[in-house]
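Chains A and B, in that order, give the protein sequences.
Here the first sequence stands for residues 1 to 247, where the numbers follow my numbering.
Here the second sequence stands for residues 248 to 668, where the numbers follow my numbering.
Quick caveat, the hints were computed from the structure, so don't treat them as lab data.
Don't take every hint at face value.
Straight-line distance between alpha carbons at most 30 Å, and here's what the computed DSSO-like set of lysine-lysine pairs gives [claimed, not checked]:
id	chain 1	residue 1	chain 2	residue 2
1	B	K616	A	K146
2	A	K146	A	K128
3	A	K128	B	K616
4	A	K125	A	K146
Label pairs and their computed distance ranges (CB to CB) [claimed, not checked]:
id	chain 1	residue 1	chain 2	residue 2	range
5	B	T623	A	H21	24 to 30 Å
6	B	W411	A	N74	56 to 62 Å
7	A	E133	B	L613	39 to 45 Å
8	A	D32	B	I609	43 to 49 Å
9	A	E25	B	L641	30 to 36 Å
Here a beta-carbon is modelled for each residue, glycine too, at the ideal position from N, C-alpha and C.
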Amino acid sequence: MVVPPDNAPPDNDVLWARSLHHAHEGSPALVDVSLAVREGEILAVTGPRGSGKTTLLNCLSGHLVPDDGEVWFNSVPVHTMGALTRERLRRDRFAWISSSPDLVPELTAWENTALPLLLRGEGHKAAKATAVEWLERLDIGAVARKRPAALLQAQRQRVAIARALATAPSVLFADEPTAPLHRSDAAQVLRTLTTAARSHSLTVVLATHDPEVAALADRAVPLLDGRRAASAPVAGTEGRAACSLSA
Amino acid sequence: MLALRLARGTHPLVLLRRLFVAAASAGVGFLLLCTLGHALSHPGQTSASLLRLLWCLAPLAATVQFAVAVARTDPSTRPRPGLSAVGLGPARLAATAAASTALSCTLGSMVALLVFLHLRGDLTGLPFDRAGTELLAADRPLPLAAVVILLSLAPLTASTASAWVLRPRGGTRGRRPVAPRGDGVRDTPAPPPASSTPHTTGTATLAPPTPLAASLVTSPPAGLPWGVALTAAGLAVETYASRGGGSGRVLPLPGHADLAPAGVLAGWSLTALGLALAGPGLVHLCGFLLQAVRPGAVRLLAGRVLQGEAGRIGRPLGVVCATASGLIAATTLYSRAPGPSFGPLTALGAALVLVCTTATLILVALETKQARTATTRALLRQGAAAQTLRAAALTRLVALITLFAPVTWALATLAAAPLAP
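Chain A on its own, in the form it takes in the complex (with noise of 0.2 Å):
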């Protein structure tokens, strides 16, 4: 990489990271990654366990700054603004969904879907209206008005889908977002997720170890102890494995 620091991404990425190197307490995580997300893409980071994929989407959501390295999301730098920018940027711009549901145990489903609506500021009605909206959407209407310990771990899962896509972000991150479910459950949220990113042209990030949840995105940057593998599969016992069982 030859930028020179002081310029800009180019115009047509969403988001942009160069050279990010980030070490969790002296444990490298992430050793000079570079990569773009287009506008209205679903990006597939990959990789075994360890290879620093949720390093890199925290690094690219401002939950973490990098130890180096610059993060630019839609021409302005994310890698020097201050927690309160960042804070600010997350609840207005990103979503997450992480591999477990997260939700607030205290709230029922569409109390939880329309909670950051409720943090950006949005009135009551309108929030609860946008929040069953999108319940209904991903077939859990019926399940509005129950706690999420009530419900069964797909439904939460789709909860917190509903969650993020409520807010109608930018940029969508999901990390593992079908770690915890059975394979019949997982596709069925993957569809609704990559259905309802294309249909409402979001940018995605999303980690993944699944080669055949990789299959469903646009593009996938493999990752490999913390570093950029070529773009070839991944070698090695998992990936093989994982070719065998979806050819």
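Given the structure of chain A, go ahead and fit chain B onto it with the hints provided.
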């Protein structure tokens, strides 16, 4: 040995908590020994000595409650997924917690014994030698068995209570979730008022939540009607017992132990027990009111969390309220009663009860915060500003104070009214 080794590596703040337990235990031990001294120097006044012993139950109960709260929030007694595989499972950890509680309480009792002997003049060479000779019956030999029994009271009760509270339950289903989640509330009905003071009831029901209780927020805690009924009954008993006026029939405070209308004491105990039982219901009600009628994010979070955590935080809060109202009433009475104002031992006991109950409340609040760590992290991930979460916490605090301060004040006034000379 394991308890000692775990204690050696813990954070200084955690050790400080244990030191506080030791200090509380020392205070209780000293009070009990002073009661023994009173009994030795006044062999004729059996009922007065007995009354002093009974008054010692309140600090003892508060200390036990505090010790259990410390044991519950102790990071070294939390189940660890990795260590369960090497044999350090929940049962072993409960035993460890009981051992460390017994250790700190015994340390406190030893300190109490040393101070007592020093003040009696049995140990010399330090300032304040023989400062309390008459008070502590220095002219008579101490009965060894009585001293041992009195001093082992706090360590035994506290360690038994913490072992009971932390005992593994639930057979095949794991009792304490490895990552404690704040989504469970004990939905068992309030226990019958079996114990002598409200504080012991408070400790016995301070059990950790079951994971993923399905009916968590929807059903309010069941104790509210019981609590209200008991409080009302306590006030009625007290008023009935103190009817007839007369300057002689005021409350038997420790410094004025010449008279003993047991009805008043029973009334106060009932009132306090009722408040402790009503606490969770009141907190739940508070949360309900907070999140009613089109809430925004802050009110919604604050109210629902209060509703969800009512079972955990309500009981210590009720106990603190009962203590505060009792202290207010007692102060009012002391200021009106003829004769000497309260002595150093009464002050020690009252301070012990107040500090222990307040510290327990703070610890339980801390435990609640720890249990909600995962939820808080998830909320921050969803873009909730830290400021919003702080605002929600502040709203909860203000709401609780708004509800509980008038209740405390009203109960104190009602409790003091019939006893006014």
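Quick rundown of the hints versus the structure:
| no. | hint | verdict |
| --- | --- | --- |
| 1 | B:K616 - A:K146 | holds (24 Å) |
| 2 | A:K146 - A:K128 | holds (14 Å) |
| 3 | A:K128 - B:K616 | holds (28 Å) |
| 4 | A:K125 - A:K146 | holds (19 Å) |
| 5 | B:T623 - A:H21: 24 to 30 Å | holds (29 Å) |
| 6 | B:W411 - A:N74: 56 to 62 Å | holds (59 Å) |
| 7 | A:E133 - B:L613: 39 to 45 Å | holds (40 Å) |
| 8 | A:D32 - B:I609: 43 to 49 Å | holds (47 Å) |
| 9 | A:E25 - B:L641: 30 to 36 Å | holds (32 Å) |
No hint from the list above goes unmet by this structure.
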